[in-house]
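Trainee: Letter by letter, the chains look like this.
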Amino acid sequence: MPRYGMAIDTTKCIGCHSCRVACQNQNGLDYKETFNWIKNRERGVYPSFDKEYIPLQCNHCENAPCQRVCPTGATFTSKEGVVLVNPNTCVGCKYCMEACPYKMRVVDHQLGIVEKCRFCIELVRAGGTPACVSTCPTQVRIFGDLNDPNSEISKFIAQTGALPLRPDLGTSPKIFYKRS
Amino acid sequence: MQESAWGWLIITYLFLAGAGSGAFLAAVACDLLAPDWSKALAKAGSLVSGPLVAIGTLCLVLDLEAGLWEPWRQIYLANNLSSMIAWGVIVLSIFIPIALLYAAALNEIGFIGKFANKYVRPLEIVGSLFALGTATYTGVLIAVVNGVPFWNTPLMPVLFLASAISTGLAAAMIVAAIIDVATIKTLSNFALGHVIFLSVEALVLMLLVFMSLTRSTEAAYSANLLISGLLSPYFWGLVVILGIVVPFFLSVIEYLEYGEMPKALVVGADILVLIGGMSLRALIVFSGTPPQII
Amino acid sequence: MKKPGMSRRKFLIGSAVGGASVVASSYMNFEAWAASEKPVEDVKVTPTLCDGCGNWCAINVYTKGGRIWKAEGIPIAGINHGRVCAKGHALLHEVYNKDRVKSPLKRVGPNKFEPISWEQAYKEIGERLQTIREKYGPESFFLVQYPEGNAGLTNRFINALGSQNSFSHASTCFLPRNIGWWITTGNAKPEQDIEHTRFGLFIGRNLGAGLQLRQLSDMSKAKDRGAKFVVVDPRFSEIAAFAHQWIRIRPGADLALMLALANVIITENLYQKDFVEKYTEGFDEWAEKVKEYTPEWAEQRTDVQKDVIRKLAHDLAEAAPRAFVHRGYHGAMGTQYKNSFQLVRTIGCVNGLLGTFNQRGGMFFAPKVQLGKLDPQKHPAPTVPEGPMVDGSGDPERYPLTPVGLGLTHAIPELAIQGKLKAGFVYHNNPLRTCPNPARVIEGYRKLDLLVSFDYVLSETATLSHYILPESYYLERDDVVHTHLSYQSKQVSIRQAVVKPLYDTKPMVVILNELSQHLGIGEYFNWTLEEYNQAALAPLGVTLDRLKKEGVIDLGGKWEPGEPHFSTASGKLEFVSSILKDNNMPAMPDWEEVLVHPDPKDPHSFRLVHGKQAHLTHTRSINQKYLKEISQLNDMTKVWIHPARAIALGIKDGECMTISNAVGKGRARAMVTEGIHKDCVFLPSGYGVFSRNLRTAFGYGISYNDFLPTYFEPMLGHCMSNEIIVRVEKTVT
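Read top to bottom, the protein sequences are chains A, B and C. The first sequence lines up with residues 100 to 279 when you count with this note's numbering. The second sequence lines up with residues 13 to 306 when you count with this note's numbering. The third sequence lines up with residues 52 to 784 when you count with this note's numbering.
Hints were generated in silico from the structure; no laboratory data involved. Even for Gly, the Cβ is constructed at its ideal location relative to N, Cα and C. Careful: at least some of the hints might be erroneous.
Claimed, not checked - Some but not every residue of chain B turned toward chain A, in silico, with C-beta under 10 angstroms:
id: 1; residue: W81
id: 2; residue: N91
id: 3; residue: Y131
id: 4; residue: L167
Use the sequences and the hints to build the structure in full.
Mentor: Okay, structure coming up:
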């Protein structure tokens, strides 16, 4: 069974937001609702000034706090390691949103539930890649199987030493960032 | 990236559940420890306890979306016992009937009251346990949230419990005064309760803020929001001065002056305690800051 | 608590509604919901071409239950390689925008419109046009368009009416870039083989916002292979975040930097001698000229240290010929500065010094597809009226190098005020918002006796028009065959309807066909789109059916490196241009000052520079909710200002600034950042919509055009859109 993860190379991100809208369309989201964000951070003084664009989305933590606190069990981890929300049992209590240290969950006011990035699991199961990956003009994202040492993502992580955001929070995220 | 998912409904719930369970504890304490002259307070506390918690729970339900539109979904709420909410649902659904039954028993309301009156002691013992559970639970609910480091401390349930008892006592005293203004004089005995629990609350709050300043950057950020930042006027004004310091001194005077203080000031001190309790919860929720992730 | 939106709820929850089934579902395998969510409605895929910007990327558009759902890029498309940007995704929703024009409209008062029938519109336009023709002649007619795709049809239309006044957005966008490259290399838009390059230099070109998806994709691959990219820009542009080095240049001084690079490359003997000898014209003369333009000289003007300039020259020369200085677009090399034309010339020449043409990893000329034409016996083409355009384009005495058919759009208001233009047709363009000094533009367009817009919403220009003939949205119409996808190989593609028109709108070709019958030029439009497209495809051995099925067809003819061929007069890359010499213009690239300078003594005085954001195209995209939300969420209408200058004015990040000059006044909040040169403030473009009929966009942000005087650059006549000096101060409330 694969264990899906993503690698993100922020040195290639130009903040164009293609991923955001691709995801919104794929998942039929309203314009205000998104599973993807791009934050930026400026550092230094010219000539060493730099601005980094950092794409953010659900980290699909191995030890997912959102899943632990979900009273209804609507949040679950799929067999591929993808953290999903069962739209039929979520009541919209938003406890998961408070529990997520990355703040990557959103309320879907159309359904009245809390939603998040699903790694486009229906596309992936059909042999495709998540919408944010395939649309990215600068190929910032690599999606694949973390269990397979020969997958592109595993090699990328091994070569670049990409790390999750705030690994010290102890949630074991499955999105790895190369940031310099 | 929504910074805070919880708003006034949850804050109101945190406050009302605390005040309601505190009122229950106050009522039990009066009924068990004090002689006849305190029965008025026991009755008032028991009357106010169940409804407050029930209204708080209603706020909790109103904050739901799918669970509100399709109420049958709420049966899933106790599915995952590793969630504090699941435990909360269990505790609340046991406590609210007990509190209502207790109110009926002490006030001898109707047929149920007469029946329950025979089991006052068991109701008091079991009810107190669940009242403690409810009061503590509101703190634990946010204390286990590691998405907000400021909340993520064992001091939080202690603070919420202390505040629940003060606010519960205040609520009971106000209701007692409403039922019978004459009881105010006798209530002065209980000003000591305020003195004790407001002191505990102040101490725990101080510990929370001081320890947060060094615990982590995010917790320090939250603490600074309260003591010197954007929220500081509300924190010092509503929580510390109006909510703790003023009622503390009023209660000291009230206790010493036994029954000689103007009635408005007696009830005023209790109202201030309630305002402080509500503000405390609001500010703790609003000052919650997620970890710096980029 | 929001009121539940029922559509999606119903769809997703569907069968789950009903107590018993819900109880059961709580105990069912959670994996099952993903399966149950698989679309139950039928999904259809139609290949077509996006209309989000001028790239017209090839996309597969998915519909679900007859409603537009999503888009994916077509992998073989030379221009986007299977990628789609935010605009491409978001503008799919535009088909359902409530602001759309739902039938032909006649303006009956200020911002008052009355729906009329197509017949009535055609008839009235025909009558009014006839009156104008009798009084002022057909030379008072004009067309303003975005000259792509259907331009063959629209030009045919205006020519058939007897006018050569076909304007484009060129004079506010790319004019010097195209003419400069054409003069230097004989090709107006050379490409660069970014994927295989070792070193790429970008002068003011911000691929990260003026998106070109193929080039970005190639940059990503090149970066993996170890290529180095340097960006020269007064501000830290989006592509600077991708690049390895950012050079913060004084705005308008790029020419000085390029001349100094030429100086170092020549004086240090770093140029490709073989290439220069065999394929260039006038090297010795130019080498003599650039001797004076030392890095020391350039440092004074560019605010870039001479060592940085030398290092840049060395890096370029070392990587050459697998290197390039990017061909540019609007930024610096477009219609921005008085010296932009000289800059393009110099960049062409530096590429010549580096011998990058037709080299792997260098510059190349994309293969061109020759489409077939309608049989002239059966379908006669109108004669193109001779002589220059009314604005002086093509006039040997005025703007000899500015082509007829591009023209100077921003001259139209003045020409209308002078009474030289009387009747206009506007297609896929919005001159009221994209031309300098809107007050003057409005005044000019108001003077017209007839203005007809073919728009799908009531843009600023459409709102002022007498008639609006609504073209179907691009997802609802078939267009002519296109060849613009050709990048490294020849490709042909087509835009076709994905859904039926929602309202009483028509494809442009149908509108022209019908309208022409009422204007007495019906004989030039006596064919259908099908016939037109079949004739176009005839020489390619591709059937229309196959093209419609596949969307994009690769015809081979792949570009291979080798000997370069220049289609200039001399057949060589021209350091010294005979055309420029003949027209009494500087024959060699040379230093030229910008038009205006901020006052160095006045802390309030700044140059106002502008640039795109990746999710917006001009002003038509901000009316799209998905795109506007990106701007709002990320606070992207802020104006950039350097910290030292901001402190001097007492402005803190996020505070409101008032920006003003003789032309206009506006307010914007400040983004205080090291990422901009001290001399300028940066205002993102794409905002400042003032048409009340664009309800999402109206009143959000401001535009640089609000501050830009109407200029005509002496050589080509372009608008010099970065020659703006403004006064910036903290807003007092």
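Trainee: Decide, hint by hint, whether the structure agrees.
Mentor: Hints, one by one, checked against the model:
no., hint, verdict
1, W81, "holds, 6 angstroms"
2, N91, "holds, 4 angstroms"
3, Y131, "violated, 31 angstroms"
4, L167, "violated, 18 angstroms"
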